[in-house]
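So the chains spell out like this:
There are 2 protein chains.
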Amino acid sequence: MSKAAKLSGFPEWLPQDRIIEERVLDLLKHTFELNGFAAVNVRAVEPLSILAKDGEIDKEIFTLGRLHSEGKERNPLGLHFDLTVPTARYVLENAGHLNFPFKRYSIQPVWRGERPQDGRFREFIQADIDVIGDEVLADHFEVEIPLVMVQAFDALRELGVPEAGIVANNRKLLEGFARGLGLDDVTSVLRAIDKLDKIGPEKVEELLIETAGADQTQAKQCLRLAEIESGTSAFAEDVIALGVEHPLLNEGIATLVALLDSANRLHPGAVKAQLKIARGLDYYTGTVYETFLKGHESLGSVASGGRYDALAKTDKKVYPGVGMSLGVSRLMSRLVGANRALTATRGVPTAVLVAVTAEDQRPEADQIATALRRRGIPVDVSPSADKFGKQIRFAERRGIPFVWFPSAETGSEVKDIRTGEQVSADPDLWAPPEEDIWPRVLRVDAE
Amino acid sequence: MSKAAKLSGFPEWLPQDRIIEERVLDLLKHTFELNGFAAVNVRAVEPLSILAKDGEIDKEIFTLGRLHSEGKERNPLGLHFDLTVPTARYVLENAGHLNFPFKRYSIQPVWRGERPQDGRFREFIQADIDVIGDEVLADHFEVEIPLVMVQAFDALRELGVPEAGIVANNRKLLEGFARGLGLDDVTSVLRAIDKLDKIGPEKVEELLIETAGADQTQAKQCLRLAEIESGTSAFAEDVIALGVEHPLLNEGIATLVALLDSANRLHPGAVKAQLKIARGLDYYTGTVYETFLKGHESLGSVASGGRYDALAKTDKKVYPGVGMSLGVSRLMSRLVGANRALTATRGVPTAVLVAVTAEDQRPEADQIATALRRRGIPVDVSPSADKFGKQIRFAERRGIPFVWFPSAETGSEVKDIRTGEQVSADPDLWAPPEEDIWPRVLRVDAE
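Those sequence lines, one after another, are chains A and B. Position 431 of the first sequence, counted from 1, bears residue number 431 in this note's numbering, the numbering being contiguous throughout. Position 54 of the second sequence, counted from 1, bears residue number 54 in this note's numbering, the numbering being contiguous throughout.
These are computed hints drawn from the structure, not numbers from a lab. There's no promise every hint is true.
You can't tell identical chains apart in this list, so a pair holds if it fits in one copy or across any two.
[What the hints assert, rightly or not] Calculated lysine to aspartate or glutamate pairs in the EDC-like style (CA-CA distance at most 20 Å, straight line):
| # | residue 1 | residue 2 |
| --- | --- | --- |
| 1 | Lys-53 | Asp-309 |
| 2 | Lys-220 | Asp-134 |
| 3 | Lys-390 | Glu-135 |
| 4 | Lys-29 | Asp-436 |
| 5 | Lys-316 | Glu-93 |
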């Protein structure tokens, strides 16, 4: 090892920032488990035949080879580009051992061979929750999934993460509206509406006419629908007022109304209906979601997903699913990046440094450290025997709040190096204040 | 997604076994942090120029390509095959931001393109601890590293993992002994001794004579050294009794004596000196370690490592390191494999299922669930409205211990479905017994 190499798109954090990331991951994990989601860890690797099914995404796949392999692999492999495809494969492979509806979360890296940009990486951590049904999956899971994400963002907000807002729509609502209007090329309607923010209403109207077979009246109706947004189920009246009728439209409205009503009971304002949200990918069949951080909308959605009626299928069976995927690395890029929002009180777990004044005193220092650790206090022993002043500077540089001075003659003393206060201490009794035991995460503006 | 594909060498666990793996990882993490090691997460990917430096290992590297790339990559990448190489690169890249000696741990997957066997995988999780110095690294870290691993295995043993024993040797001791005997081709001496268990003493003697330039007397002396093992520092007398002298030999003995003495203070019997341990790879320069699970010696070492004086280096600087790597997946293969040692009390986090007797009662059930979750209790709401008996069977199949029956008229009741006991309960007050809140890990034989 003799050369350093920065690789664009492969973020790595310094230890003090990894503390923040771990805290984020712990809060997510805890929230998901409180809601009954079981942890699943999938392998990083899938056969290309599994990964490359959805035409739109296969450009971004990292393929695997072996340095000294000769010729082609019989079963070529690639790195997964999301956690949905491997989860679908995992469900098929283990269906006989799982209980349905199967609620699982996964927090793992994924890889995409695309060009890195702000908030877009080539290796990044996703935190996914999904509910997968056996043949059927009740609509109320489309309500549950974003409400779990609301809880997750609430927990992150206590940490100092900016406020998040989830926007939702429903594919059945869009499809029913299109069909009710007499537009049967639903995919083209969705693709056109999906571009509203990028190209504006005039161009979307043109697209609807050119690609979806709409006349001007139909196109205008689509645009009116796409402009509807509301923080309550009142959006339904605006849709109905457009005068379009279709059974699917009613189903979509009902599910979205249930979502808004439940969300407003749990956390008023956290979820909004926004009928221009279409999500480009083809496979969604019910509610779709995106999530934006207030003040960081330019980052794009930090948690997206939806319902897909054929998440996994065999010749005999179909497994519908609904889920959302939170982009942990994208979030982290705003928490610890250029305009850092969070900081850790220190970059080491250590709360106490046991000083070593002479190398032959190390066994006594080790004993004190062992006694403190047994009581759950993270401790380090000074790496080199030195004067007290140097030991304190060693602790200061690392943000370790306490230095322990052993003394066989006069008894140990421990110093809070922030205040200078020094007290007698017994390693079987003394403990730092609760808030100093582990590093804490603080808002930069609250420091 | 329409096809399942088992991939040999890429282990995945069912949810109830992932609970065991997570418990193992939590205990490792906690032990490492109590000892002052900071978490570092490295990217999965390195330039091949970084990975392929050590000739011995490059056959096993998975290389990366892109599905639609044309021609050769300018900077070809591969997946890391261990956590040491990326950590060395991380240290060089971030040296200006790190405090030395830098104590870090990493718990991450690594990939090797080798043939899968019992306990050998192509994707597996390693848990590494290392201390890395700036130019210098005191010998006492060679004592600290295995003692941290002893603590980790002690913590795992409380979970039900079989007892572990660490065996240690010292490269300086071996090198000093060889040089003291007049054998200067130290690498060949080490390689021969390393084969003792595989090929037996006669063949090692032949190898020493053929490859290391030893005469029969020198070869016999090497074999006598290799046979020495002891649970205390008394091994030193046996070495000295062989009558070989060299300054390096003395240094090696002193470090190994310090390790045995410290280990016996903390945990008598956990570390043994075994002078045949050489570790094949070239770069170790001080203590070397291997770890075996009692009763599972055939699995090979589950935690290995050593000291390397040039872990990382630039033209101007050298960073010595000492570390050990614990094979989490290898360990897991014995904990949950054919002769399963551990089991989880359930495969879901859920402690309480809130029953739903009619679909229009779901909002009330959701409210109860929210109240319980706010108090840290993992709760699921029944996915479909059904009779009480079916709700209980739903919970039973998942191992959920409690079912909550809401009733607006008579007040809620909660049933422990293991005992049948049913009591009135208020979602703002009732809690399950502490031991039922989260799934526990049990020994199979203690069930």
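Against the structure, the hints come out as follows:
no.	hint	verdict
1	Lys-53 to Asp-309	within (17 Å within a copy, 49 Å between copies)
2	Lys-220 to Asp-134	neither (40 Å within a copy, 68 Å between copies)
3	Lys-390 to Glu-135	between (67 Å within a copy, 19 Å between copies)
4	Lys-29 to Asp-436	between (23 Å within a copy, 19 Å between copies)
5	Lys-316 to Glu-93	within (14 Å within a copy, 53 Å between copies)
In summary, the structure is inconsistent with hint 2 from the numbered list given earlier, while agreeing with all the others.
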